[in-house]
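If you're matching them up, the sequences are chains A and B in order. Take 1 as the starting number for the first sequence in this note's numbering and just add one per residue. Take 1 as the starting number for the second sequence in this note's numbering and just add one per residue.
These are calculated hints, taken from the structure and not from any lab test. Note that the structure is a prediction, hence the values are computed from the model and not measured. Among the clues, some could well be false.
Mimicking BS3-like on lysine-lysine, the simulated pairs with C-alpha atoms at most 27 Å apart in a straight line are [to be verified]: (1) A:Lys59 <-> B:Lys199; (2) B:Lys605 <-> B:Lys49; (3) A:Lys59 <-> A:Lys111; (4) A:Lys59 <-> B:Lys654; (5) A:Lys53 <-> B:Lys512; (6) A:Lys111 <-> B:Lys199; (7) B:Lys479 <-> B:Lys171; (8) A:Lys115 <-> B:Lys448; (9) A:Lys111 <-> B:Lys194; (10) A:Lys59 <-> B:Lys448; (11) A:Lys59 <-> B:Lys512; (12) B:Lys654 <-> B:Lys605; (13) A:Lys162 <-> B:Lys171; (14) B:Lys525 <-> B:Lys448; (15) B:Lys448 <-> A:Lys111; (16) B:Lys654 <-> B:Lys525; (17) A:Lys59 <-> A:Lys162.
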Amino acid sequence: MKRLLSLWWLIMAPLLTGVAHADAVPEYEMKAAYLYNLATFTTWPAQPGSTVKLCLLGKDHFSGALERLTGYSASGVRITLSYLPNLQEARTCQILFIDGSEAANAADIVKQVEKLPVLTVTDNLDLFRAGVIVGLFLDNRRLSFDVNYQLALNASLNMSSKLLRVARNVNR
Amino acid sequence: MRADQYIIWLLLASACPPAIADQPDTSGNGLIQIPIEQLVNMEVTSASKIARQISDAPSAVSIVTAEDIKAYGYHTVAEILESMRGLYITNDRAYSFLGGRGFGRSGDFTGRIMLLVDGNQVNNNIYNSAGLGYTGIIDPALIERVEYVSGPGSAIYGNNAFYGIINIVTKHGHEINGLRVSGEIASYNSREAKITFGKRLDNGAEVLLSGSGFTSPGQDLLFPDTAKRLPGSDGISHGMDGQHNRRLFGKFEWEDWSAEVAYSTRKKDIPTAPYFTDFNAPYSYEDTSLEASLRHDQQLSNALKMSLHTYFGSYAYRGLETYGSPWHEKSMGQWWGLNAQFVGTWFQNNRLVFGSEFRNDTKQEIANPISYLNADEKTLSLYAQDEISVAPGLLANIGARYDANEDYSGQVSGNISPRLAVIYAPWEATTLKLSWSTAFRRANPFEKYYTDGSLLPNPSIRPESIEATELVIEHHLDKDTRLQGSVYHYQTDDYISSVKLGGGTSQFCNHKGGSTDGLEVEFEKHWDNDVRLRASAAYQSAENSEGNWPANSPRQIGKLNITAPFLNNAWRAGFEMQAYSNRKTEADTHVGGYALANLTISTDKLIPNLDVAIGIRNLFDRNYVDVAPPSNNLQTTIPQDGRTYWLRMTYDFK
């Protein structure tokens with residue numbers, strides 16, 4: 001028992017010599033903040049007032065970060081949130097975040113929403129390549145975003161130049 | 001103590017939240033006030049792919065998620081637990097018994113582990129047992145995650161959270177998102193069918209409904225021990241291994257409300273003829289459980305959250321045995337309760353959890369041809385726990401629960417269960433948890449009052465207790481790599497187990513208690529290409545009250561689980577290994593250690609919406625035995641299944 005105990009310490013002790021991390025923002029808190037900015041700096045063809053309906057398709061990894069966006073109106077935009085069981089309701093959304101758990105149906109999803117005036121967003125590369133408008137990706141410990149701009153135009157969405165300037169890639 | 005007074009008191013308590021100034025809520029997302037030009041330059045910590053514990057416990061926690069259940073094709077909660085650090089399952093072809101950290105006597109119904117399904121305690125009030133195999137109340141396909149919290153949990157949960165807690169969380173309706181139909185065929189003509197409907201409605205309400213059935217005619221089994229002990233017998237039991245179960249589950253969630261009903265019934269033929277019954281004569285056990293609960297969470301103010309939970313449970317057992325002629329045994333349990341829990345954050349650096357529970361065990365009935373008993377008991381409990389931030393990275397956790405129990409004779413007894421813990425995170429990646437905790441368990445009606453002529457009642461039996469000290473180190477080597485080590489010492493007192501008296505009789509009595517020292521290491525990694533690895537090693541050194549090595553307690557237990565996608569992520573393989581060192585039997589002989597491997601291959605890419613999985617259990621056809629319970633007079637060991645196969649198809653109607 002004693003020998004085993006010292007062996008256990010031998011394995012576990014090196015762990016006590018780590019280094020402290022600087023304060024960084026949790027990934028999904030940041031993604032929620034990006035979604036808020038997308039809502040603020042995009043114009044929809046027939047926008048109902050200043051309300052933006054944000055929809056989520058697939059697994060929810062935001063652990064409440066999306067709920068905390070709702071009702072906020074400092075910039076004049078009011079966000080409402082909806083979890084979609086399927087794509088039938090997608091036309092009522094202004095922004096649709098598609099989680100990677102839906103990547104298996106990427107082609108079908110894109111086909112169903114590409115003609116709608118809905119800003120589609122994902123953090124999954126397969127979904128982005130299949131034709132989602134905005135992709136949020138981790139790059140060197142920062143969150144960057146790419147835009148399939150032609151698809152935004154096809155969907156009659158007007159993304160402000162302020163937004164496009166800070167994007168990592170804009171595929172025109 | 002009367003139930004109606006209690007309810008009135010509870011309503012008053014929840015209607016008048018204490019008048020203490022609320023702190024402003026600072027949990028909102030402050031990031032939205034920062035311009036996007038700055039956001040793109042801010043450093044981000046990526047979300048870990050390793051599941052984090054949700055159980056509020058300062059002890060070692062192991063987690064199996066729905067993804068693991070799918071990748072390894074688990075059929076029962078017993079199979080899920082078998083893959084976890086330091087745990088093992090003993091199957092006597094009647095029930096599955098859980099073991100680990102010094103507990104796990106074969107045939108020990110109580111198990112001394114509390115099983116919670118969505119926070120609802122499902123152990124019955126006759127034997128304290130909770131089904132883990134096909135007796136289990138929940139179909140594993142409906143499980144979102146299983147957490148095993150090792151160590152005494154009476155400080156929050158009271159009676160019977162003795163060696164640990166298994167916390168099962170079920171899926172939400174939207175995770176099924178439509179109608180799901182599943183069918184399975186397996187070795188020995190076993191068949192299983194499931195139908196599940198789950199949906200998130202437009203108003204945000206979630207619905208989940210499910211029904212399933214399993215049937216197996218079982219096998220003709222050879223018991224070598226029986227061939228030796230029973231003159232003139234070849235030791236083969238014929239057609240005595242059939243098993244059938246049915247399950248129903250329904251859950252409805254809307255805003256702060258959730259309601260749940262679970263039902264299961266299982267009938268198993270028993271091939272081993274324990275308790276000196278006739279071999280190859282009719283023998284069966286039938287276990288039926290029903291659980292219903294209603295929960296309401298409400299934020300009473302910025303600093304006070306209330307959770308009200310009311311529950312009802314019933315359990316029925318029917319046993320048929322043959323002693324020349326049939327012997328029928330029946331037990332029936334019924335209970336309900338109300339738990340009001342509050343989380344208060346009025347004081348800076350303090351998180352207070354406190355509450356009160358009333359439980360009424362209205363029926364505890366056991367009947368056999370020579371005796372009948374019907375007991376009932378009531379329990380009123382008060383508990384509180386404070387989590388104090390002493391300094392940055394340093395938390396102290398102090399809590400206790402008091403349970404006042406009134407048994408059917410009007411006798412009142414009290415138990416207090418304290419817990420102390422210090423949680424220290426010297427830096428973000430590492431957490432140390434040092435805890436001292438206690439738990440107790442009252443003798444159940446079976447242990448206290450039951451008699452069949454050879455087992456004698458013992459109404460004066462006292463509750464048993466346990467004290468545990470544990471140090472846990474958890475370290476995240478990187479965000480997707482976790483290493484956990486724990487060292488512990490358990491000491492039991494007044495331990496309840498049966499002793500043989502003269503003249504072939506036995507009785508449940510309090511014993512001096514024993515101890516267990518152990519250490520465990522667990523490693524978990526989740527790669528970006530979705531390869532997942534979980535490996536653990538456990539060493540346990542247990543001593544019973546006589547200072548001897550107890551039966552059925554392997555000293556070393558190793559687990560390995562690895563799952564990887566292949567062929568362009570279209571397929572997934574799940575491979576697991578479980579290794580156990582030798583054990584002592586109830587006859588003081590030894591049985592050798594063994595290692596088992598299971599393999600599951602699955603794909604959802606063959607046909608849209610169709611999931612196909614094929615599995616092999618005991619891949620290398622290892623010949624191994626489990627330790628037989630002391631009640632098995634015809635066996636010392638029970639041979640287990642060799643290689644078996646299963647094929648499952650699941651179709652989603654979207």
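State the violated hints by number, sorted upward, taking the hints as numbered earlier in the document. The structure conflicts with hints 5, 8, 9, 10, 11, 13, 14, 15, 16, 17, although it agrees with all the remaining ones.
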